[in-house]
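Student: Residue numbers (our numbering), protein chains in the order written: chain Y, 18 to 453; chain R, 39 to 204.
Hints listed in this document are in silico derivations from the structure and should not be mistaken for laboratory results.
Some hints here could point you the wrong way.
Claimed, not checked - Selected chain R positions facing chain Y (in silico; Cβ < 10 Å):
{"id": "1", "residue": "E59"}
{"id": "2", "residue": "S74"}
{"id": "3", "residue": "A86"}
{"id": "4", "residue": "L94"}
{"id": "5", "residue": "S98"}
{"id": "6", "residue": "I109"}
{"id": "7", "residue": "N113"}
{"id": "8", "residue": "Y158"}
{"id": "9", "residue": "R160"}
Unchecked claim - Under 7 Å between C-beta atoms, here's a sample of chain Y residues computed to sit facing chain R:
{"id": "10", "residue": "I146"}
{"id": "11", "residue": "S241"}
{"id": "12", "residue": "L243"}
Predicted, not measured: the structure shown is a model, and the values here were computed from it.
Glycine is no exception: its CB is placed at the ideal position from the N, C-alpha and C atoms.
Chain residues, written in single-letter form:
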Amino acid sequence: MVSFEISDLIQENRIDKSVYLDPEIFELEMQNIWAKAWIFIGHDSQVPHAGDFYTTDIGRSPVVMVRAKDGQVHVLHNRCGHKGAKVAGKKCGNVAGFRCPYHGWSYKLDGALRGVPNRHGYENTDFDIKDPQFSMTPLARVANVRGFVFASLSPEGPSIEEFLGDAIATINNVADRAPEGEIEIVCSPLRYEHDCNWKMFVENLNDAMHPMVAHASVGQAAKSYLADQPEGTVYPKEAEIIFPFGSSYKFFDEMKVTALKYGHSYMGGQSSIHTGYSDIPDYMDAMEAAYGDTKTKEILSQNRHNTIIYPSFTLKDAIQAMRVVRPVSVDKTIIETWHFRLKGAPDEMLKRTILYSRLINSNASMVGPDDWDCYRRMHEGLQSHSSKWVDMRRGLSADSKATQSKGAQSFGTSDLSFRNQYRVWAKYMNTGTSDA
Amino acid sequence: MHDLMPLTIEDKHRIEGFLYEEALCLDEARLDDWMSLYSEDGVYWMPASPAQTCPLTEISILYEDQLLMDIRRRNLGHALSPSMDYPIRGSRIIGNIHLPKTQPNGGAIRVCSTFHAQLYYREETTHFAGKYTHDLVAKAESYSIVRKRVDLINADGVQRNLLIYI
Ligand code: FES
Ligand SMILES: [Fe+2]
């Protein structure tokens, strides 16, 4: 029996701090949100060949994504049907089938139990090699959207189409930006441990009141560097990436924020902090050759800043990177940043993303650690006895007026996306479902 | 593959002294002095995986040229940076300095070494360990770094904040 009422924690304009701090709430989130929602697992380009596998977790539940001989991508519980040992230990690899290293039970790539050593010991018991309880069980539901693999631990709930709603336009746009219509994951990811609750990171993705403050120093350092250069110095490409983080409140307000069903949201639409990037001519040529002029313009005109697919995943239209949220405990979260190539696009596109990610997402960048620090400060500050409330009322009066068919919209620096997340959070937590 | 450069005792001492000087600049967070040890096109590279071969098409933890070093120098301790609100102290130790059999083309001297570093930040002391690969060119009585590659033993592991070069 839990010692709190969800309805006491969430008000229209503020939330109780225990939402971030209470280990009991975290446990309930693992059951009622992470074990219920569609969670991002990986991209199928991580397992291009039969037998390729990739291991990860949903919340704390270990899973393995694997490509079977028939080309189908499965997501299995990474748990042996015998005494429960984790079967695949490596981050990724290739196998003909799985074999548990403890007592040697072996499995097909679709998780079915294939063999048990010294089997006669099971004679005259009710052991049945075909009984699913002895297999590496497939997850209740798995969906593949343009190569992006999502899975749910729950057999019930909205279909992936219903769940994603208009957030699917970001996934489609990312894939469409490849002249061949497909992306491909490259290299190993950045894995960055944050000393914060997972929701602080998720909220911050659409927090447009923070960049000009929390990231002011790197912009100033870059400006002071440029001021010291001789006249006529070419503007470095690093500046094109760093300076938009210092954009004005007006810029972010005009970018707008859109809140969707199931807690998803995105900023921008036509413009974002990536709109000002210079064109890469070979890329434009490849796109026009693949799609023609009109369609190319249409694809590139969509420019969403972070799209949050609540609770586990975030994507941008114009940057070939995605960030994946892996909650570890109430105040520990691992953020993975994966990078991908747009198939058919010149390497320059990938290089720009890699530069971007080093400057922004790396644990050694001059941006990421400032975000990290702000989350940690919330944990430290919220220990205070002064108030239990965390405020989220900015833009509240504008919320209802801006409702559109594709979601509610407000000015970019509104707290709309946070309110939207907690409305859905409360539904999940109360019932383990989130119809809206 | 080149033959090993014949090294005099003086050369060996000079190389060691140079590596120690670089480590000391970082221990004392003197980034302007540290930058001056790099050539104009010098780079500092910390891969995000042991197998990484390309810094441009694969993600690194750090890959910085003089431009980014200079921005970072100005950002270090910046009053507007929340993460710079706390002291950062470091202690680096270098050992097993040797010249590998495979030397780069183009005249640079490749020097490998093993390092251990402790950084103190935000009430936490973090241990870093791995291998340095310095490509050096002669400059006056000393050297200049063309490239320093830092291979952390946990390059592809889960990382925490890193606010200064190792
Ligand atoms: S636990 Fe896997 S074979 Fe026994
Ligand atoms: Fe930020």
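Student: Each hint should be assessed against the structure and marked as holding or not.
Tutor: Hint-by-hint comparison with the structure:
The restraint placing E59 (chain R) at the interface with chain Y is violated, with a minimum CB-CB distance near 22 Å, outside the 10 Å limit. Residue-level restraint check for S74 (chain R) is violated (minimum Cβ-Cβ distance to chain Y is 15 Å; threshold 10 Å). Checking A86 (chain R) against chain Y: minimum C-beta separation of about 6 Å stays under 10 Å; hint holds. The beta carbon of L94 (chain R) is positioned within 10 Å of a beta carbon in chain Y (closest approach about 5 Å), and the interface hint is therefore held.
Below 10 Å, beta-carbon pairs count as interface contacts, and S98 (chain R) has one with chain Y at about 6 Å; its hint therefore holds. This hint holds: I109 (chain R) has a C-beta 5 Å from the nearest C-beta of chain Y, less than the 10 Å allowed. Restraint check, N113 (chain R) versus chain Y: the minimum CB separation of about 4 Å is within 10 Å; hint holds. Because the closest C-beta pair between Y158 (chain R) and chain Y is about 15 Å apart, greater than 10 Å, the hint is violated.
Here the hint on R160 (chain R) is kept, as its CB sits about 8 Å from the closest CB of chain Y, short of 10 Å. The beta carbon of I146 (chain Y) comes no nearer than 37 Å to any beta carbon in chain R, farther than 7 Å, and the hint placing it at the interface is violated. A cut of 7 Å between beta carbons decides the hint on S241 (chain Y): the least distance to chain R is about 5 Å, and the hint holds. A cut of 7 Å between beta carbons decides the hint on L243 (chain Y): the least distance to chain R is about 9 Å, and the hint is violated.
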